[in-house]
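Given the coordinates of chain A, assemble chains B, C and D onto it according to the supplied hints.
Number of protein chains: 4
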Amino acid sequence: MDFSAVAERLTLGCRVLAEQEIIDAYGHLSARLPGSENLFVINRGMSPALVTPEDFVVMDLDGNVVEGNGFPNQEWPIHACVYRARPDAGSVLHSHSMWSRVFSISPVKLSGVLMGQTVDWNEGLPVYRDAGLIRTVERGEKMVQMLGKGSAMLLRSHGDVVVDRDVVPTVMRSITLKQNAQVLDRALAHGTPDYWDLQEAQPWVEPKAPSVTTAHAASLASRVFEYYEARVNGRLKRLLDADGG
Amino acid sequence: MDFSAVAERLTLGCRVLAEQEIIDAYGHLSARLPGSENLFVINRGMSPALVTPEDFVVMDLDGNVVEGNGFPNQEWPIHACVYRARPDAGSVLHSHSMWSRVFSISPVKLSGVLMGQTVDWNEGLPVYRDAGLIRTVERGEKMVQMLGKGSAMLLRSHGDVVVDRDVVPTVMRSITLKQNAQVLDRALAHGTPDYWDLQEAQPWVEPKAPSVTTAHAASLASRVFEYYEARVNGRLKRLLDADGG
Amino acid sequence: MDFSAVAERLTLGCRVLAEQEIIDAYGHLSARLPGSENLFVINRGMSPALVTPEDFVVMDLDGNVVEGNGFPNQEWPIHACVYRARPDAGSVLHSHSMWSRVFSISPVKLSGVLMGQTVDWNEGLPVYRDAGLIRTVERGEKMVQMLGKGSAMLLRSHGDVVVDRDVVPTVMRSITLKQNAQVLDRALAHGTPDYWDLQEAQPWVEPKAPSVTTAHAASLASRVFEYYEARVNGRLKRLLDADGG
Amino acid sequence: MDFSAVAERLTLGCRVLAEQEIIDAYGHLSARLPGSENLFVINRGMSPALVTPEDFVVMDLDGNVVEGNGFPNQEWPIHACVYRARPDAGSVLHSHSMWSRVFSISPVKLSGVLMGQTVDWNEGLPVYRDAGLIRTVERGEKMVQMLGKGSAMLLRSHGDVVVDRDVVPTVMRSITLKQNAQVLDRALAHGTPDYWDLQEAQPWVEPKAPSVTTAHAASLASRVFEYYEARVNGRLKRLLDADGG
Numbered sequence: 019m020d021f022s023a024v025a026e027r028l029t030l031g032c033r034v035l036a037e038q039e040i041i042d043a044y045g046h047l048s049a050r051l052p053g054s055e056n057l058f059v060i061n062r063g064m065s066p067a068l069v070t071p072e073d074f075v076v077m078d079l080d081g082n083v084v085e086g087n088g089f090p091n092q093e094w095p096i097h098a099c100v101y102r103a104r105p106d107a108g109s110v111l112h113s114h115s116m117w118s119r120v121f122s123i124s125p126v127k128l129s130g131v132l133m134g135q136t137v138d139w140n141e142g143l144p145v146y147r148d149a150g151l152i153r154t155v156e157r158g159e160k161m162v163q164m165l166g167k168g169s170a171m172l173l174r175s176h177g178d179v180v181v182d183r184d185v186v187p188t189v190m191r192s193i194t195l196k197q198n199a200q201v202l203d204r205a206l207a208h209g210t211p212d213y214w215d216l217q218e219a220q221p222w223v224e225p226k227a228p229s230v231t232t233a234h235a236a237s238l239a240s241r242v243f244e245y246y247e248a249r250v251n252g253r254l255k256r257l258l259d260a261d262g263g
Numbered sequence: 019m020d021f022s023a024v025a026e027r028l029t030l031g032c033r034v035l036a037e038q039e040i041i042d043a044y045g046h047l048s049a050r051l052p053g054s055e056n057l058f059v060i061n062r063g064m065s066p067a068l069v070t071p072e073d074f075v076v077m078d079l080d081g082n083v084v085e086g087n088g089f090p091n092q093e094w095p096i097h098a099c100v101y102r103a104r105p106d107a108g109s110v111l112h113s114h115s116m117w118s119r120v121f122s123i124s125p126v127k128l129s130g131v132l133m134g135q136t137v138d139w140n141e142g143l144p145v146y147r148d149a150g151l152i153r154t155v156e157r158g159e160k161m162v163q164m165l166g167k168g169s170a171m172l173l174r175s176h177g178d179v180v181v182d183r184d185v186v187p188t189v190m191r192s193i194t195l196k197q198n199a200q201v202l203d204r205a206l207a208h209g210t211p212d213y214w215d216l217q218e219a220q221p222w223v224e225p226k227a228p229s230v231t232t233a234h235a236a237s238l239a240s241r242v243f244e245y246y247e248a249r250v251n252g253r254l255k256r257l258l259d260a261d262g263g
Numbered sequence: 019m020d021f022s023a024v025a026e027r028l029t030l031g032c033r034v035l036a037e038q039e040i041i042d043a044y045g046h047l048s049a050r051l052p053g054s055e056n057l058f059v060i061n062r063g064m065s066p067a068l069v070t071p072e073d074f075v076v077m078d079l080d081g082n083v084v085e086g087n088g089f090p091n092q093e094w095p096i097h098a099c100v101y102r103a104r105p106d107a108g109s110v111l112h113s114h115s116m117w118s119r120v121f122s123i124s125p126v127k128l129s130g131v132l133m134g135q136t137v138d139w140n141e142g143l144p145v146y147r148d149a150g151l152i153r154t155v156e157r158g159e160k161m162v163q164m165l166g167k168g169s170a171m172l173l174r175s176h177g178d179v180v181v182d183r184d185v186v187p188t189v190m191r192s193i194t195l196k197q198n199a200q201v202l203d204r205a206l207a208h209g210t211p212d213y214w215d216l217q218e219a220q221p222w223v224e225p226k227a228p229s230v231t232t233a234h235a236a237s238l239a240s241r242v243f244e245y246y247e248a249r250v251n252g253r254l255k256r257l258l259d260a261d262g263g
Numbered sequence: 019m020d021f022s023a024v025a026e027r028l029t030l031g032c033r034v035l036a037e038q039e040i041i042d043a044y045g046h047l048s049a050r051l052p053g054s055e056n057l058f059v060i061n062r063g064m065s066p067a068l069v070t071p072e073d074f075v076v077m078d079l080d081g082n083v084v085e086g087n088g089f090p091n092q093e094w095p096i097h098a099c100v101y102r103a104r105p106d107a108g109s110v111l112h113s114h115s116m117w118s119r120v121f122s123i124s125p126v127k128l129s130g131v132l133m134g135q136t137v138d139w140n141e142g143l144p145v146y147r148d149a150g151l152i153r154t155v156e157r158g159e160k161m162v163q164m165l166g167k168g169s170a171m172l173l174r175s176h177g178d179v180v181v182d183r184d185v186v187p188t189v190m191r192s193i194t195l196k197q198n199a200q201v202l203d204r205a206l207a208h209g210t211p212d213y214w215d216l217q218e219a220q221p222w223v224e225p226k227a228p229s230v231t232t233a234h235a236a237s238l239a240s241r242v243f244e245y246y247e248a249r250v251n252g253r254l255k256r257l258l259d260a261d262g263g
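Line by line, the protein sequences are chains A, B, C and D. Using the numbering used here, count along the first sequence one by one with no gaps and you end on 263. Using the numbering used here, count along the second sequence one by one with no gaps and you end on 263. Using the numbering used here, count along the third sequence one by one with no gaps and you end on 263. Using the numbering used here, count along the fourth sequence one by one with no gaps and you end on 263.
Careful, some of the hints might be misleading.
A pair holds if it fits inside one copy or across any two, identical chains being indistinguishable in the list.
Here are the simulated DSS-like cross-link-like pairs (lysine-lysine), alpha carbons at most 30 Å apart as the crow flies [to be verified]: (1) 127 - 160; (2) 167 - 127; (3) 196 - 167; (4) 255 - 196.
These aren't lab readings, by the way, just hints derived from the structure by calculation.
So that you can see chain A by itself, here it is in the shape it has in the complex (with noise of 0.2 Å):
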């Protein structure tokens, strides 16, 4: 896959986050270009809620755009430090969620409580508390240490970082990550949630019974993206403005 096949990528996942309200005049989403392991493409500074494909550019890990026009927002390092500690590493995601900054200065972790996030999130996420823009490759390092193996953590009062394999699974983690902290956020206003224990939650990670095919699974794992790509492309609008027989 070439720069502008990861760019058109990221301008859907960009559109999918912009109607989710995780990103709007704030954040950055950025992907591992396929094959050079030490260059990623990310939108040059501007609202990454109205971003083209046009809009990307190619970056090294020393924050030096390779191709493309334009420079990428200065918090450049954030992306940078993440595919550099971790080859697992295939998107990356900076976004000012409001949930996100809620939790980020809340007494209360923002721990795993809808199914699929029990185990993952357990311990709640981790949050980097210093002042300041992560725009040096200094605090991007201190920044990686916290996530360390995790695929999401808080920045205070500032919103949160977002790691997964590829553009459509961090995408769609960002959004679990706000529904999560929607539901957390509602049941702490009742009392002390029913948090799970690690224990206890492992049948959600279980292995899928074995009547499910690959190609059944891989259709059940493309179909919530479907979904949100609806919201953003007509579909579901056209669903619903229609006569619903």
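For chains B, C and D alone, coordinates are given in the frame of chain A:
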């Protein structure tokens, strides 16, 4: 009523539930096939918000697809186990509704605080607390045992199951479940709500006044669904976009 | 003003209330027929969000339909009892507004915390706590006794009743009721709000400054409704969709 | 820049604030007329969400309309008193924003919990607690005294006043005020938030990194408003309705 008529009705039900953000990429709605007690119609594994009538299949209570293309979500035992245990059940919904998820981990039971629910849900909805999807008959039977004769139950960190005699009542009950949760959630933030005791709540289920004729009662019952249908077939939108004179 | 002019005005009122999600499948809005003190105009039993002028009828205070087709909701005594007891009442709304429902079961009274309501609602709105619809004159009279000279009251687990001199003021008061509840609800989650005492609040009802001419005052009064009307006749939407120059 | 150019800019500012539901039927936005220190441009008394450039007038600091048709809201002293006391103020907003109203009666001060506000609003915004509209110069001067050198203050049960050097910064600050209130509101429901102390927060106001050129910095500054403008001129809507590839 044949398969295709049921599929049409389920499609409309899914549209209404999608507009209400009760279903999205997750959830499934089914209905028993009239005249065939051991068969039910359910959408194939896909985002339920995006279904069309062609996306439904007929399944028997052992999980065999007997008509239509594709295979339902692996949690089909939720439906099959309810239909086997509850002859009164004509339609079953499983959703990941945010509000059901909130109360599924809340220290407070989701009990009936809105007029129509004060008796039915007086003790608070049961919560299935085990981890893991309901993709075996064994889990489905445990779930159904907790449901008992009830119309709704919660699945911890996961969502809910709603049961009623037909598609429209099941959809409407699901909307009521959401509204009941929203109102209780807000009141809980103020202190201890003014709950009903069973005896005091009885007048909510009193027989209709004699002046209400049968025809009139039927008209009252259908008008509620008419409103939600108007939200997905363009009718309400046209009223609110046009000159409101 | 004749029946059809009142029906036009009530239709517009219903549109505004529907857009505000104060009425939906439930609720009914009425107005006294000018010049006929014992007659009022009200929509027939249907979703009030969907009414057109043809859906209204004229009813007398004993519940007889004297003009128009169809029959109103069985809770017509809410309206008839208010018009009989309150000569100052020119319009009555019954709604299932979520925010009124929240405070109808809250341990905290819904009192006036927004500027215009600090004196009128200083003691907090009364709550009719009995179970059952208000479909008898007996219940209607008990309800009206609790309302007294007030402009609004709550019905436990059910909704509210709002009264004012004409359709537009009743609709606007209903919107204010919702906003007042929303603001109080949020502040309650922070601790004890900064409530007003009656004496301290007096300047909120001070006479208008002399510089405000009568014509100017009338223009100020109508401008608020103009905004809500612009939300349902396409005007605001056109402003926000067009190039904003 | 002349009157009509300022009116165009204020119209766009009002559109953005209307879409954000910060202004609606209430509120007014003004700007000092460049080159005429004692004159400012403000909309006439009407719903600010509905203004067009023709709805603006020029007023002097004593409340005389010197150009244009109509008369501003009677709370014009809010604007005149700020412009007289604060030579740095180029634009003033008065709004009834729900979130400002919430904190205007909250027992908790609205302090800066989002990155850019942690220093400016560290002590929490002042609250003008007297009843009554600010329609005299006497009240306006008392209000301005409480505002001091600040960029925002709250009016109890009423709304807020926001001040900045020009229209766009004032509009953006108002949006930030809302977002800051929303995040603090949610965190307060969890317990005591992780507030900043002044010394710890200093890096949030550190000078820009040398690598950020002046041109680049200007581009970063304008991009935020570009996003909010895209929400009211159809651009974002077109991106999210079209095929998102």
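Hints and how they fare:
no.	hint	in the structure
1	127 - 160	within (20 Å within a copy, 33 Å between copies)
2	167 - 127	within (18 Å within a copy, 36 Å between copies)
3	196 - 167	within (20 Å within a copy, 35 Å between copies)
4	255 - 196	both (23 Å within a copy, 22 Å between copies)
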